[in-house]
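K.L.:
Since the structure of chain A is already known, use the hints to place chains B, C and D on it.
Protein chains in written order, with the numbering used here: chain A, 1 to 312; chain B, 1001 to 1312; chain C, 2001 to 2251; chain D, 3001 to 3251.
No lab work stands behind these hints, which were simulated from the structure alone.
Be aware that a few hints might be false.
[What the hints assert, rightly or not] Think about it this way: if two alpha-carbon atoms lie no more than 27 Å apart in a straight line, the pair counts; the simulated DSSO-like pairs of lysine-lysine are: (1) D:K3083 to D:K3004; (2) A:K284 to C:K2083; (3) D:K3059 to C:K2083.
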Amino acid sequence: MPDTKISCPDLRVELSGWELDNPVIPASGTFGFGYEFADFYDINILGSIALKGTTREARYGNPLPRIAECREGIINAIGLQNPGVEKVIEEELPRLRQVYRKKSVANVSGFSIDDYVYTAKRFDELEDIGILEINISCPNVHGGGMAFGQEPEAAASVCAAVKAACHKPVYMKLSPNVTDIVSIARACEDAGADGIVLINTLLGMRIDPRTGRKIVSTGAAGFSGPAVKPVAVRMVYQVYDAVKVPVIGVGGIETADDVLEMMYAGAAAVEVGAANLIDPYACKNIIEELPRRMEAYGIARLSDIIGRAHRA
Amino acid sequence: MPDTKISCPDLRVELSGWELDNPVIPASGTFGFGYEFADFYDINILGSIALKGTTREARYGNPLPRIAECREGIINAIGLQNPGVEKVIEEELPRLRQVYRKKSVANVSGFSIDDYVYTAKRFDELEDIGILEINISCPNVHGGGMAFGQEPEAAASVCAAVKAACHKPVYMKLSPNVTDIVSIARACEDAGADGIVLINTLLGMRIDPRTGRKIVSTGAAGFSGPAVKPVAVRMVYQVYDAVKVPVIGVGGIETADDVLEMMYAGAAAVEVGAANLIDPYACKNIIEELPRRMEAYGIARLSDIIGRAHRA
Amino acid sequence: MYKKGIYEISENVCIADKVYRMRLDGFTGDITAPGQFINIQLPGFYLRRPISVCDWDEKGVTIIYKVVGDGTELMSGLEKSTKLDVLTGLGNGFDVGALKSGQTAAVIGGGVGVPPLYALTRKLLDRGVSVKAVLGFNEESQIFYDREFSELGAETIVTTVDGSRGIKGFVTDALKDMSFDHYYCCGPMPMLKAVHGLCTDLGIEGELSFEARMGCGFGACMGCSMETRNGTRRICKDGPVFRSEEVSFDA
Amino acid sequence: MYKKGIYEISENVCIADKVYRMRLDGFTGDITAPGQFINIQLPGFYLRRPISVCDWDEKGVTIIYKVVGDGTELMSGLEKSTKLDVLTGLGNGFDVGALKSGQTAAVIGGGVGVPPLYALTRKLLDRGVSVKAVLGFNEESQIFYDREFSELGAETIVTTVDGSRGIKGFVTDALKDMSFDHYYCCGPMPMLKAVHGLCTDLGIEGELSFEARMGCGFGACMGCSMETRNGTRRICKDGPVFRSEEVSFDA
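The shape of chain A in the complex, shown without the other chains:
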């Protein structure tokens, strides 16, 4: 890791040898393919960008309504809408490259191990993809997605297959809707995962008390936002204890304090999700606030605090 830049405080973090200017990454599915946010601020200030979840073939996703509001949270049933990996590579990434010079996190979903491998390999060929985030935790599709993330063996088999086919670091994005997150994270690590990302959305439901009807078309769907942060912090803490590879913390992060909390729990970097949807400037605000908070709390180097709650 080059140590030539002198900054005070130092926000840099590292993911499998890839140095990020700061730990703030917009989470997959809340930032599109990034370029639309370039209208609002220079997105090169971001640590990186986690791209919209991509599958082998194009997907329309689930019927409307796809969105329900919760107290301090949102339920979504998008259902992996995306134009398919070829169109992502041909159309979306070139648009992103016009406004963004850094590497991105490719988010890969699938319905079979072959799907995962196919799509991951296509991203693996691209120079401006930093890591492959393998999403085995989408609650909004049948016959795939979260099913792979609910048992250690299934998670490990996806991980091993992708790992065997690709050169870039493979990070497994896990579902929180499990009894034992540690055993799943360990199985992924044993299968060669270079990192763990958690948490994907909780499975939640809203019913309209006025009509008695489920609000989103699929009934149960993915629940995220500040409401879920305590679950995310707990799982990051538990998994940090159990694995040696880096953990990326996701779940309800909205402020610089939230970033610090997640990093104290064990996150080497963080992804910011739902916050982007209610404030397009959310990541920018966090990145600007982080050094001020670090100074206030006497943190010189952000990477020093990773997992420190385990030793406090």
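P.N.:
Below, chains B, C and D without anything else, positioned relative to chain A:
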């Protein structure tokens, strides 16, 4: 069920042949043994009361701090503090009887099947206990509690043993920290459970961003409040589909609308938890608001809406 | 492009049954077309509330909204000089350039679909386009802004389902014998479908504004995607206005 | 017994480094003893903030609080005439009847443990009890209310850890050569322990007020339980004041 009372709208609900005037029950652990709330209002307006979780022997519980605040929620690590079942019966229940004429829900915890059976049998002898709520989901104790609630077989064995020893209806209170809530609920039903109560608290953690230290003494602890309601509604919905016995819905209920939402999902009655801690009048307010909401939404009989979201 | 800013309520009044008009003072330089919407953050609610722009000038924006849930209930109780965090200039808006001076536009609104047509009508009249406004409501108590449309100079026809005022029936009952060159429509889905069907039969093209439960309101979350003849489109970002040729009601 | 009510801020001023005094106007008939606390609901925060009562009269209650987190940070920015939902009359409070006229009380406070001793001192002096107030702070910028205690008529001694004002050291350094019949103490845990140890050695009984992170503040959740010589007690309901004989610092 006697049908002599005429009321409009009709708030009555039934749990295993026991008719409640309304579905609102303060949840175990948020209402003590009830009598302290009699200073504020006539607690006979409640549907019933779920008593503080009781174990065979007295327990001090966990060290302080036991409480952390979350966005729209609270984390607690009380650790089943209680004076033990004999003192509960000798000292607490007589005090409750002075201000409360209805039957209560006894909440039973333990560290072995013998513990559960012993404590449940003691409550089973009392006339003013309506049902036995068997808590196999407390996240705040080691070597018991939630461990029994994480696997169908373990849950079923507790349920069967209590059922064999007791005459009163046995309701199993389940943990939401599982991959497959349906299989656990079904196992309990198969083992003779008369009802299912869900959800107990999620497992969450807060770390103070100022100090980097875990806020509650145990680190991970029980997370409840409005933040968790979407998870509770989802699980009640799923379990209502899978079992024939009544489901009591718990998790983040704070308003009459929340009660309706939970009942549409499938709850035959509800427990109100964290809301009691921030407003001692919470249950009273809900009970007063319910008929107004029912009229506004055109609901004549509350029991008619149980599970209606499955058919809407 | 949209911007986020702080706006101050200078008016918030009931103008019909459960229907309120709110005036928000603040920067409006990002509003570029009638039919766009703004997205309002309300205290105690996680998601913003998307509300169509009724009209705007250099000092502020006027919206008209109906109380349909807890969020709009809270909005209706907000007092003057309350400050709100608002995103403005969202969505594409109507194409006022679709017609030339001397041509005639049918402007068709249903219920709270009426407001965005107000600024549209003003802009069209400014360009010398004749406007026939057909405003549909369920019943008399819900009618609003019929006089305002007349005062702008539009030929204004009201329909009510129960016949308590104007033509009894739906907007299509007023529309079917009318002559116009292009139409603009905003209202509930069944109305959009009926108007689209009628006008297609008449061989007249137009623009339709859709609504949906939104996550972000600016194209990031895919929460409000819709299938069109040109593929999947986001109502919030690619819409809310779509040309009648693109729209398909088959799905 | 406590009550819930709506209170209006009539004052909210900074009186020392990060220390604020807030006056809340409203019903105070449920406050029965000095040393009780109130529990304040703040917009945007789930749990209430328990703050000890500094003083009260028939029109309202005065509290003094330190900014230590996001909640108290928000409190410090609240403007006059803001309305807050508050539970009052919580906890047992100090026993002002423990001393007779002519006897002497030591009133010992540390930092934001000082405020509840103010009304206590006033009540003791009203009963003809002499009061020696020992107020401990870290440094001069944090000192508050020393003059107010003097003005009530208490013999007031300030200690600072860094010696920037008054006696250099801890409250026990001032206390050890003092004569008094009973003590009342409120402050951080190490101070309570030191004072309790010293006074036990001196053979003098007293009362100590504890603080803890609370769930409800009124005895329902067992979030703030403490082991005492008389068994487990809830700081919020059975306390926050405990007699020195009950207290054990062994656990």
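K.L.:
Against each hint, give a clear statement of whether it holds in the structure.
P.N.:
So, going through the hints one by one against the coordinates:
no., hint, verdict
1, D:K3083 to D:K3004, "13 Å, holds"
2, A:K284 to C:K2083, "23 Å, holds"
3, D:K3059 to C:K2083, "31 Å, violated"
In summary, the structure is inconsistent with hint 3 from the numbered list given earlier, while agreeing with all the others.
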